[in-house]
Amino acid sequence: MAEIKLKLKKTHKFPLEADVISTDVFAGKSNDEIKALELYLGNEVVQLGEFFDVTGKSGDANELKIIIDGDVSNVKRIGEKMTAGEIEINSDIGMHVGNQMKGGKIIVHGDADDWAGAMLKGGELIIEGNAGHYTGSAYRGFWKGMEDGIIRVKGTIGNESMLWARNSKKANKWPILYCGAAGSFLGIHNHGGTIIVEGDVDRCAGADQAWGTIVIKGSVSRKLPSYKKVGEVKEVELPNGEKIKGKFIEYSGDHSVKKETNGRLYIAA
Amino acid sequence: MVERKIKTVYDVICPFCGTLCDDLEVDVDNTTEKVVEVRNACQIGTAKYFSSNPSEHRYEKPMIRKDGELQETTWDEAIDKAADILVKSKRPLLYGFSSTECEAQGKGVELAETLGGILDNTASVCHGPTLLAEQDVGVPSSTLGEYKNRADTVVFWGCNPVHAHPRHLGRYSEYVRGYFKKDGRNDRFVIVVDPRNTHTAQIADLFVQVNPNEDYELMNAIRATLRGVEIEEEEVSGVPVEKIKQLVDILKKARYGVIFFGMGLTQTLAHHRNIDTAICLIRELNDHTKFLITPMRGHYNVTGANQVFSWNTGYAYSIDFSRGYPRYNPGEFSSVDLLMRDEIDSSLIVASDPASNFPADSVKTLFKYPLIAIEPHETPTSVFADIVLPPQMAGIECVGTAYRMDSVPLRLRKVKDAPGDCLSDLEILERLLEKVKEKIGE
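Protein sequence lines correspond, in order, to chains A and B.
To convert, note that position 124 of the first sequence is 124 in the numbering used here; the numbers rise steadily by one, no gaps.
The number in the numbering used here is simply the position in the second sequence, starting from 1, with 1000 added.
Worth flagging that the hints you see were computed from the coordinates, not collected in a lab.
Think of the CB as a built atom: it goes at the ideal place given N, C-alpha and C, for glycine as much as any other residue.
It is possible that part of the hints are untrue.
Stated by the list, open to error - Short derived list, chain A residues pointing at chain B, Cβ under 8 Å:
id: 1; residue: T11
id: 2; residue: P15
id: 3; residue: L37
id: 4; residue: Y40
id: 5; residue: Y178
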């Protein structure tokens, strides 16, 4: 597997917009070509080489791995629209990491800022720390958020995560989010997304859910009044076939959207 | 013939709140160019007219900070220094615009684009969440005249027009006699939903007291009840389920209803999701009857700022031009968030006073960097400014266009001349833009 190593060598006051740091862009480029790629700092255009040391050798996008070192917590849009390969980030990461990604894999050994994996269309995003608000969400005004792929967050995610998620039975697309705990309005306007939370969730989980599955292994600070108790279950089967064992109370909803609904919310009994 | 000392200007549009009352009469002393009397306006509108008279609080000449003190200077020097600050910045913030007229706002957009800066208006800290919700789920709305003539059920949710929009009730929503509502107040059923028993609530037919920050759950329960679902709890957000059923019954029986909402929804927890669910509630109510929704906009031309920014850039607020084209993302490019993350290096504040309204930490960041204020009065923002450019007050000392809260454009009138060397906001921004273009060689 070809490998490119980037190391941040300069601090910067304003966020650095680095949507060019992606396996698709790097594929087949020499290190000098990579260094000449354009980043945005405020209203200035700067070259990647000014801010990053570039080592290693590039190759085909499918076979390429980008490893990023140094504090990139204020670098935005890494892995935007990426389709293949792998990115490994050994630090906290700024906003929009892996947004609109179609394939491949991104691993963050740290925390991610807001809009991590926003509107994900495929691939896998793994965050070992916490993630910010709007993880796996639709951007402002979009009615289709995360359409496919997997986001795994070990820690807590912020508010309004997985907003407007949209599955497609016909195309066999099942957007899935795993996380340790979550903020308020988790899975709001959900249209078929699957969310599994290991711990507790703040208010209004599954608000306006049309259909989809939310499994919460901890507690919810305030369950919405429009969810109705269906019964108790000992096992939850997810649309992808995965089975989660444990005692859960099954609720149907959100009934403020439809009187009869396939939307399900499971909260640990 | 005796020459009259006082001239009276009729049918004046009040440039204070989003109601834009259009029936004011203003008396101006011909010799001193001072407002001496305002008729028909509310107390707040009247006070704004009197505040335009020369006083120790009114700037009459451009000011520049020298040796730590604001000192009078010439327009040429002030504009040159201001352009210098903006051109040298990598991430200038242009904020405000809601209390000036549309032509000046348009010039502000051009300036932000030329500078590659960030453009934001006060919707960012008031009804911005309303705009976010409208983008998510749409909005069924109407002009205020329709409500006046037809509405028989009026809901005020999280707003207190008796104090914030004093003449709204008398002109459009509660006491006014409409074409089909000839008996005024007696023809309307008024509901107030609020955590506090406000003065608007005290004159309502039904007051629903909701727990603070729990409007979302209440609205959610109303929507479910409307769908025919039994709520399993006894009370939601402090409101008994029986009362929710009564409320749903009243809303369904309305022949033409409207919800007016204010910052009690947009700036409490859940923000835009409160509006999101309120709009969905309206959508569902339209299965049974006619129902509409309108935000109670604060600044008289904040709706105009949203309109002007939208038709120029495609977005209503929180716009970033740093990559040469407009991008929009409240939370990332909104003023308070930028300031909290210390992501600006200069600011131009137009017709606004963020120091009084923003969180303290963000104001500290604002004052860390060069600040240019286009501001007629001494405010907590302008006293810390490096350059103060004194404008004429739109709607009092110069003409212009403003949008009412229901997006109806009205032409503002001029009633008197401005004191001192004041220029219109439009002219100041034009001169600034010209200077900026000259400096960057465009």
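Each hint tested on the structure:
no., hint, verdict
1, T11, "violated (13 Å)"
2, P15, "holds (7 Å)"
3, L37, "violated (15 Å)"
4, Y40, "holds (6 Å)"
5, Y178, "violated (24 Å)"
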